[in-house]
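Q: Chains as they are written, first to last, in my numbering: chain A, 0 to 302; chain B, 907 to 1260.
For the record, the hints were derived by calculation from the structure and aren't laboratory data. Source: prediction; values computed, not measured. Heads up, some of the hints might be wrong.
[To be verified] Distance ranges between label pairs, derived from CB positions: (1) B:Glu921 with A:Ser106: 21 to 29 Å; (2) B:Asp1071 with A:Ala35: 56 to 64 Å; (3) A:Ala204 with B:Asn1069: 54 to 62 Å; (4) A:Val111 with B:Arg1088: 51 to 59 Å; (5) B:Asp1071 with A:Ile289: 34 to 42 Å.
Just so you know, even glycine gets a beta-carbon here, dropped at the ideal spot from N, CA and C.
One letter stands for each residue in the lines below.
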Amino acid sequence: MQTTNEYNRKRYRLGLWFVAPAVFVLLIVLAYPIFASLVLSFLRVRFAGQGLSFEFNGLNNYADLFRKDLFREALFRSVYYTVIEVVSVILLALLVALMLNHPLGRSAFYRVVLLVPWALAPVANAVLWKWIYNANYGILNQALRGLGAIEENIIWLGKPWLALNMILVADIWKAVPFIALLILAGLQNIPSYLYKAARLDGANAWQQFVHITLPGIKTTFVISIVLQSIWALKVFDLIYVLTKGSPADSTVLLNYLSWRETFSNLDIGYGAAIANVLFALMLMLALVYIRALRPRQTQAQGG
Amino acid sequence: MATLELININKKFGEFTAVNDINLRVEEGEFVTLLGPSGCGKSTLLNMTAGLEDVTSGEIHINGKKVNHLGPFERDVAMVFQNYALYPHMTVEENIGFSLRLRKRPKNEIQDKVRKVAEMLELDKFMHRLPRELSGGQQQRVAIGRAVIREPSIFLFDEPFSNLDAALRLKTRGEIKELHQRLGVTSIFVTHDQEEALSLSDRIAVLRLGQLEQFGTPEDVYSKPASKYVARFIGTPQMDIFAGSFVNSDGLHFQIGEADIPLPVSFKIPDTAVDVGIRAEFVTLGSKGFDAAIRLVQPVGPFTYVTVDWQGGSVTARVNGVSHMKPKEIIKVEIDPEGLLFFDRITEKRMDLL
Chain A
0 MQTTNEYNRK RYRLGLWFVA PAVFVLLIVL AYPIFASLVL SFLRVRFAGQ
50 GLSFEFNGLN NYADLFRKDL FREALFRSVY YTVIEVVSVI LLALLVALML
100 NHPLGRSAFY RVVLLVPWAL APVANAVLWK WIYNANYGIL NQALRGLGAI
150 EENIIWLGKP WLALNMILVA DIWKAVPFIA LLILAGLQNI PSYLYKAARL
200 DGANAWQQFV HITLPGIKTT FVISIVLQSI WALKVFDLIY VLTKGSPADS
250 TVLLNYLSWR ETFSNLDIGY GAAIANVLFA LMLMLALVYI RALRPRQTQA
300 QGG
Chain B
907 MATLELININ KKFGEFTAVN DINLRVEEGE FVTLLGPSGC GKSTLLNMTA
957 GLEDVTSGEI HINGKKVNHL GPFERDVAMV FQNYALYPHM TVEENIGFSL
1007 RLRKRPKNEI QDKVRKVAEM LELDKFMHRL PRELSGGQQQ RVAIGRAVIR
1057 EPSIFLFDEP FSNLDAALRL KTRGEIKELH QRLGVTSIFV THDQEEALSL
1107 SDRIAVLRLG QLEQFGTPED VYSKPASKYV ARFIGTPQMD IFAGSFVNSD
1157 GLHFQIGEAD IPLPVSFKIP DTAVDVGIRA EFVTLGSKGF DAAIRLVQPV
1207 GPFTYVTVDW QGGSVTARVN GVSHMKPKEI IKVEIDPEGL LFFDRITEKR
1257 MDLL
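Please construct the entire structure, taking both the sequences and the accompanying hints into account.
A: Okay, here's the thing in structure tokens:
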């Protein structure tokens, strides 16, 4: 056994050398920014003369979170945005996935078409929707007027709640394909013999859906919800391109607020504190994600 | 309990004919095996009986009633699948009781029935386990329990042992036979394992390329195979087949190479060319007969199968107990004419000549 141990030690040491470069890169691009952001959130950063001045600020930046209305509003809007986005994306994606899984939808053509929104660069997508929503020339107003649904052009991005919901629509449009494919993969993982067994047990189409399909994609559902929540919480590009937070800060969500406080208002410590709140939220979601992905208990063996 | 009738059943997948004009009548309480190699259409036939697949043409009758248009559940058949097809997110109890829950039976009735079935299959200790927490044999029993609780008029088994190891396979085979003796439900069993078919069935339907080659009792398909195909498919070791001809000098003989086997006086000489099949239990190795060199010695416990080079081919003898013969030794081979099976060389059908 001595030789085996020696052999394993050698393998282990060699393995460390192999992972070292990756660990090094991760430390620089992930660990350092997270750590720096944490430190910044306890500091008061000021532009003095030629450089920056740092001053310990205790928990003041975090206390500010509770004092400032805009943070509370942004948090509330982010939660609203996330809930609506997750619910709509999951339901639409489930519908799309079910259609793609149907014999009539199996053609690869549909899957390719479906992927187009997902494949678009985020900013390109945002610009595209900016044109669609354009109050004077946008196709949305043209189409609705053509159909007789509206008489006057609507300024889609000009009213507080409407603007936020229009951003949601653009985001949902882009997010559905990926989640749909995820769910489709889950659907295709359900062995067909389970449906046969259920039919023999007397299950009708609806009962098969409830008792076989839904339990079969449960894990996929959890993963989709977590991923989509993270994506919804960190939305930035759409807001930046479509509204820049207007009208009247009604489309300012957490991530955008953090960016604006940091780089526009140059309140770096406060911006970092907001970013850390976001980080904590996403970390919790990520932990749920990892739990959901954890391999199941191994199968019992023997007679 | 029910009768099952398959009448002129055809199944085509595009150009490919999977099942070709099959007629089969299964009597009440009978245990019938559909036997054949993969691709012979046996599983397709079973799926069509279950209502999981449509027939291209033909009629399926259960208890004398045409059921072509009925779904699997309405046909009142239950099926045990090759991979068990247990619902992975349901416990043993929920798996077995699923069909009753779908029918909205009262809770205590479901509980009672599930408990009875589970006790019968010795699953009562595992009621709250998920399928993945069970061994292969236990999963198999859950699958059977799920079929039994429905009290169907026909049981369908689709190669239910193929995922079990050899020892468990034998045990489960016994359990299924006992179950059939106890419940007496008409059963259709699909397998490619001839030994399984012989040991379980009242009758065996041997299939070949979608066609029914023979339908008979285990005894019939073993000792009176309808064709060369059936003869070679059934029996261990595989039957040896030789070409030969009849010689009538100093009594009637069948001549294989240089060996001649005397035939009884009552023998009817056919007017076509024939091949002869020899089963191992009719071959004797010893001091009488024709010289042969031993090629292979395979002990299997109660017997030893000894294969010898003989008349340009090889023939296997079944020797009782453990044999101490060695390869390359020369020994004499005697064939018992009673055990010879004659086949038409062209049609490959067996001919009754003795």
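Q: Which hints, by number, does the structure contradict?
A: Structure breaks hint 3 only.
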